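With chain A's structure known, arrange chain B with the ligands on it following the hints.
2 protein chains.
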Amino acid sequence: MAEKKQQSSAPAKDDNKITTRAANYSEWYQDIVYRAGLAENSDVRGCMVIKPNGYAIWENMQKALDGLFKATGHVNAYFPLFIPKSFFSKEEQMAEGFAKECAVVTHYRLKSIPGQGVVVDPEAKLEEELIVRPTSETIIWNTYRNWIQSYRDLPLLINQWCNVVRWEMRTRLFLRTAEFLWQEGHTAHATQQEAEAETLQMVRVYQKFAEEWMAMPVIVGPKSEGQKFPGAIYTLCIEAMMQDGKALQAGTSHFLGQNFAKAFDVTFQNTEGKREHAWATSWGVSTRMIGGLIMTHSDDNGLVIPPRLAPTHVLICPMGRTDEERAPAIAAAEKLAAELRALPREDFFGFQPISVKLDLDFKNSPGFRFAEGELKGIPVRVELGPKDLEKQACVVARRDIPGKEGKTMGVPLTEAASRISNLLREIQANLYNRAKTFRDANIRSADSYEQFKEMIEQPGFIWAHWDGTRETEDKISEETKATIRCIPFDRPLEEGTCMVTGNPSQGRVLFARSY
Amino acid sequence: MAEKKQQSSAPAKDDNKITTRAANYSEWYQDIVYRAGLAENSDVRGCMVIKPNGYAIWENMQKALDGLFKATGHVNAYFPLFIPKSFFSKEEQMAEGFAKECAVVTHYRLKSIPGQGVVVDPEAKLEEELIVRPTSETIIWNTYRNWIQSYRDLPLLINQWCNVVRWEMRTRLFLRTAEFLWQEGHTAHATQQEAEAETLQMVRVYQKFAEEWMAMPVIVGPKSEGQKFPGAIYTLCIEAMMQDGKALQAGTSHFLGQNFAKAFDVTFQNTEGKREHAWATSWGVSTRMIGGLIMTHSDDNGLVIPPRLAPTHVLICPMGRTDEERAPAIAAAEKLAAELRALPREDFFGFQPISVKLDLDFKNSPGFRFAEGELKGIPVRVELGPKDLEKQACVVARRDIPGKEGKTMGVPLTEAASRISNLLREIQANLYNRAKTFRDANIRSADSYEQFKEMIEQPGFIWAHWDGTRETEDKISEETKATIRCIPFDRPLEEGTCMVTGNPSQGRVLFARSY
Ligand SMILES: [Zn+2]
Ligand SMILES: [Zn+2]
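Note that the protein sequences, when read in sequence, are chains A and B.
FYI, in my numbering the residues of the first sequence are 12 to 526.
FYI, in my numbering the residues of the second sequence are 12 to 526.
Next up, chain A with everything else stripped away, as it sits in the complex (with noise of 0.2 angstroms):
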């Protein structure tokens, strides 16, 4: 066989830098995302093929989240890839909100033709159609339906870790990708009251992860009616400010009242003997929120990663020109590791040891390692050379402070472990606090429409005033690209006019640009 090349999908450039942020904010995120190999596009129009570095930070997403759900009660369960085409009509809101985008099975066999490869058997032809998943709602719904009998068997707390497809035109890895992973919670509840305070509590559950793992402050509220989930009564999320000043949505929790209950017929006996519909929830978050993570603090040398989700935690470099340089610098960095790696299991790190790398690479220079570690957002680096370890000492530079300000010299060999411990939280924390101030400094408020339209091209959310109805919100949304991101619970009440109409508002609502 020929032994041609097929064109790499990775960017082009051979310079290995990374675009900065200010030269080109789209090209840096897709620099970062190949350059720190955590996805590439694959040879499947839309699909992305998660690498390795980007899966461990998928795979300590899920350890956290999961460890939420389940302290609140729910339990894991797996439902068919495939839905039938006709569930698909049951719910009308859904069959319009996902059906201009779904992957379709029609077919159930190949078969070889010797010579000329495989083709579709057309004898092995569905009955009916099956759509690859884009959401379970109707799939659980319906099998739902058995499970629910009375009002004993409620609540049912499940959620499902799976992918989904959704054939979009235009992707970009992680943030908007034909096929994707996530988790989807859907709860079955016997009374209104119970289904909304689980729709609250699954998106505090999400602000609690984007604010204590990811490090990502978030807005929290309802979804205008735009912008809400087809089939939910109201749609609550988490908006993030990215580093450009945009929107990411990365979580939402839908309150779904009785409608998918009704399109499946799921009812139940109440205490007084009385069938009623099941009321519903749904809620998820997806590898999207890698996209989020990249753009709320990674910089111009590269990924960052706040602690609690970071693959490695500590990259330890043993420096020295010679053997004989090298032989104690390696020996006092396997020891350093072995001390981290033994610190006490804590909740901090979901009970998992202290993730320690040795860099042994003494082919390139410090200089290339050390990039190479802030390339790939690991948050402490350890330097070892021969002068550190004349003093017993060595350097710890943190990667949330680039450059000479976040490093610090001289330290104890003997009390490195324990700063290290220490210093991993105070990165976590101060990546938080950095995020915050910089997403409050880019909220600013238009009293006129005029004003909108000027402050928009400019990064940052707007708080403006809306009459509350969609007419108003798709007029804005075409004339500016600006949607409704959220109208956050704890928006100040302060009444007013519509920006566009001039008719009373109650309180501002959050504006932005999107992903």
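Source of the hints: derived by calculation from the structure; they are not laboratory data.
Worth double-checking, as some hints may not be accurate.
A pair holds if it fits inside one copy or across any two, identical chains being indistinguishable in the list.
As the list claims (entries may be wrong) - Straight-line C-alpha distance at most 30 angstroms; calculated DSBU-like pairs for lysine-lysine:
| hint | residue 1 | residue 2 |
| --- | --- | --- |
| 1 | Lys273 | Lys122 |
| 2 | Lys418 | Lys273 |
| 3 | Lys239 | Lys418 |
| 4 | Lys136 | Lys122 |
| 5 | Lys74 | Lys346 |
| 6 | Lys346 | Lys81 |
| 7 | Lys418 | Lys28 |
| 8 | Lys492 | Lys257 |
Keep in mind the model is a prediction, meaning the values are calculated, not measured.
Relative to the frame of chain A, chain B with the ligands by itself:
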């Protein structure tokens, strides 16, 4: 909408009893899967719903296996669900092996016709059909082409956790389903020797997992030519004996040679500057293992789960007829639960705390409550009644030994936590030993084809001489429905003659009927 309940997919019987193994082994299996809440058939042909109790076992399997993979240097990644049809033609054996049973995506859009629901949009036809992955060698090796340039890029030691689809016509929960969950490792190496060592290492990892976590003894060795993976040079496997004497292939590790590197043009520059094709392995285990777990240990009272994989380790049942009797029993139960949960996290339980459930369901009789715990397979039950409490003691019952024999009365509450912790280890060992004793007692030798044909009607494995040819293997399989399960690594060396052809044989191989 009409409130008609769809017929449940659960067995029709209402008597709540599990069919005994002796009465009908296959119904017994199905009863356990349904009654213990492990899985059920969905409305999508061949696809199962893995229910929370079943999925919790899978999660524990994943944790243990993932730990073993990482301890041997592997990392996780994620590759696309879809495979372009043309990829199937590139490796001939793959195409032949999987083409007959795959789900084909031909369209990417539905359209809504008001009043009529949704139909497939004929204008949204894919130029090239996509296959839902039945296994990912092709898409992964297509990706590896860009990842592998030099010997420095090797080895690639990558694993993926995902769903796959094989359009099976006759399905059985966990054992054979159209969609199932699995892991698939795909490694690339610079030398044949290294790839073969990896193939062996991974089947040994599977053996370790089967024996030390699943408490399921396995036989390890290569498959015969007729049973190997399409596209492999050879396949190593672990084979277990179920309680009906049938074999279950529980995991496979394939040495793929350079087949996929050649099919997808994956070459690297070796240390001498010459380009070579990379060497490949792949290896996988799936949710099928849950079927094997059930059929290895469970009994006529229900599920039996080895402690290292049990989602709940201990069920504590406080008892009492009045509130006055119940209150101190509940208090003692809560105290014991807290003590068990607070035991130091140990490797044996994957550094997870011991999982304890309190059964406060006083509406039901103690007998009913105990039976429920047994049905679900919880390894240890603690009974806390008024008479036990008078003596500051409890009853500890082990699930692996049903009835009075498995009960220890008068266990002092002060000692209960540590004794239960030890008992869990004892149960794990006992389950393994019992399964091994059973298996070893059900392996016999046949010295003629006559004898073989009689013996194969009885449960168990058969050692027999075979001439090593595909023809003879196929003949035996057609005539007896028994296949060569494995050519065990540790088979005794014994020259003989093939029971069918009389041709020379270097040693006996293991035959059985299988799942
Ligand atoms: Zn109804
Ligand atoms: Zn080639």
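Hint check against the structure, violated hint numbers in rising order
2 and 3
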